[in-house]
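Asks: Using the sequences plus the hints, can you model the full thing?
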Amino acid sequence: MLRSHFSRRLWLILTLIGAILLTTGAGMRAYAQITMRQTEQHLLASVPTTIATASISFPRASGVPTRLSLPSLDLWNALTPVMLADTPSGLAWQVADAGWYINSGVPGEGHNVVIAGHSPSAEPSTWSHSVFRQLAYLQPDDRIELTSGARSYHYTVAHVFAIPAAQANDAASQRWLQSGDSERLTLITCWPPHTAAYRVIVIAIPSQVS
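Numbering (this note's numbering), first residue to last: 1 to 210.
Incorrect hints may have been included.
Derived DEER-like restraints, expressed as beta-carbon distance ranges [claimed, not checked]:
#1 Ala150 x Val47: 19 to 27 Å
#2 Met36 x Ala150: 37 to 45 Å
#3 Arg37 x Pro140: 34 to 42 Å
#4 Ala150 x Ala196: 35 to 43 Å
#5 Ala171 x Glu109: 17 to 25 Å
Derived from the structure by calculation, the hints contain no laboratory data.
On a predicted model such as this, the values are computed, not experimentally measured, just so you know.
Note that beta-carbon positions come from the ideal geometry of N, C-alpha and C, so glycine has one too.
Replies: In structure tokens:
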């Protein structure tokens, strides 16, 4: 009798635990979906009409960009010089992780420095420390550091926004990657991770050099 009573109580407890875990899991998934949707809407609504410019200029870098980092979050990527390659779906970056577009500028030239990264990285070991996992969640005034030659160049985030992937190769979208006539840093990645639904773009302007 006692064994039967204990078994029923144990079954009820296990059933209750299972229901709690199921409900909590479903709730967390629903919350994540809502948060993702809110982030998506915010990014799409944040496309700038004009690009912020800096009041300072950098000394010209003695070498090409080799490292990108978010020091406050301990995230970083080693950079590989890359070109654009034609693919059936449009233009793609020839890089396993993150790359500096060689036809863009280097710090101190007064042009746009363009860096792209995969989301997630093609090399799994780099994703845990990748800047590009955080790109969609950066905020204006966040700091970005770029190592180029013997110097570290510090930038302040000015714009964070997204464009649909279907528009990524349009002339209006390609202007974000053009050389331009002002010193800035442009980062681009696919988003959400494991998809290519959108391109998240971050534009940052010079703040200091060390």
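Asks: Work down the list of hints and note, for each, if the structure agrees.
Replies: Now the hints, each set against the structure:
1. Ala150 x Val47: 19 to 27 Å: The hinted range 19 to 27 Å is violated for Ala150 and Val47, with Cβ atoms some 36 Å apart.
2. Met36 x Ala150: 37 to 45 Å: holds, 41 Å
3. Arg37 x Pro140: 34 to 42 Å: About 22 Å separates the Cβ atoms of Arg37 and Pro140, which means 34 to 42 Å is violated.
4. Ala150 x Ala196: 35 to 43 Å: About 36 Å separates the Cβ atoms of Ala150 and Ala196, which means 35 to 43 Å holds.
5. Ala171 x Glu109: 17 to 25 Å: holds, 24 Å
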